[in-house]
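Student: Sequence:
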Amino acid sequence: MKKQEVLHREELELFNKSELIEKIIRLEEKNKELKAIANRGKLESRNNVHRSQKPFDFSRCNKRHILLKFYYLGWTYNGFVVQESIDETVEQHLFAALIKSCCIESRESSNYHRCGRTDKGVSSFSQVISLDVRSKLDRQDQHKVEDELPYCKMLNRLLPPGIKCIAWCPVPDDFSSRFNCKSRTYKYFFPRGNLNIDAMDKAVRYTIGEHDFRNVCKMDVANGVVSYTRKIIDAKVCIYRQHFRNVPGYDICQMIVTGQAFLWHQIRCLMGVLFLVGEEKEKPEVMLELLDIEKCPRKPQYNLAHEVPLNLWCCEYEANEWYIDKTELRNTIKLLQKDWTLYTIKFYESMNNESEILTGQS
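If you read the sequence shown in UniProt numbering, its first letter stands for residue 1, the second for the next number, and so on.
Take the hints with a grain of salt, since some may be wrong.
Said to hold, decoys possible - Below, a list of computed lysine-lysine pairs in the DSS-like style, where the Cα atoms sit at most 27 angstroms apart: (1) 218 / 182; (2) 231 / 164; (3) 218 / 295; (4) 334 / 346; (5) 283 / 231; (6) 100 / 54; (7) 218 / 231; (8) 218 / 283; (9) 295 / 231; (10) 202 / 164; (11) 144 / 120; (12) 35 / 54; (13) 63 / 153; (14) 231 / 299; (15) 218 / 326; (16) 236 / 202; (17) 63 / 164; (18) 164 / 187; (19) 32 / 100; (20) 30 / 120; (21) 182 / 100; (22) 120 / 136.
No lab work stands behind these hints: they were computed from the structure.
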């Protein structure tokens, strides 16, 4: 076993700032790995308890291929996709629920595809996956969806509050939530402040069409991405909701972008540029320069927009026979209303406290 390096205070004081930052980052990464290993150990212990019970015989079950649509509030999770050394991902909770409810036997045997992958902190109101699940209907009767297993109900009783299944759709066996998706729409929400919304809208509309977005994304060479040409179907920046007291600076705005596929951090990079345009530090035409790789062969330095306001809003398919359990939908709406109430109360309490401190009324 490799001997653990122990550094005393006197040794740490000899390091410069960048060396200390690097050591802190490595320690945090190691801490995350250890937490993930510990949590996996707990999960395996729970699974061993379930294995001691009589196993479910999937060989005696009918199966069907479906789409599952669900939402998640991403700010409490470490991204959507399961990662080896990272715990608390949306997929981790999703497959735990699918396996525990006996909807599937394992991920490997489920013919699983995801529509999109979102990073840590990013939410979705319409993520879609495709997979083979257990069915209580014979093959010839599977058009009778009202008699099928209540997939949303089965999963929602096992999923955490921030992840809920909202609909399912029967599809052919070769249908993929990823490859058969016609378009994906992202929304990015932000307060108006002093931003020039018209200039931001003009800039984002330059992205409509097919362009090379290598200057408006993060390179993903590790995953084999070599082409940076993507097609944007529609894009705009507009006011989403005006402030109830007609204070323009507190209006909530949104950027809406619809495309066939997106690059890593493409939306957040795009917003980083749009904020510069909104602050009038750049002109809207800067977007044209970034999309011209001959004129701008290297990606310039600009800030990556925060992840929390980003939402995978909609995934469009030709398949549209979505089955919605009305009871589950009502329960989901109630849960969201409860969350909204608590967040709003906390927000106004915080605002009042800050106001009292600033005005000396505390």
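Student: Any hints from earlier that this structure breaks? Give me their numbers in increasing order, please.
Tutor: Result: hints 2, 10, 11, 12, 15, 21 and 22 break, sorted rising.
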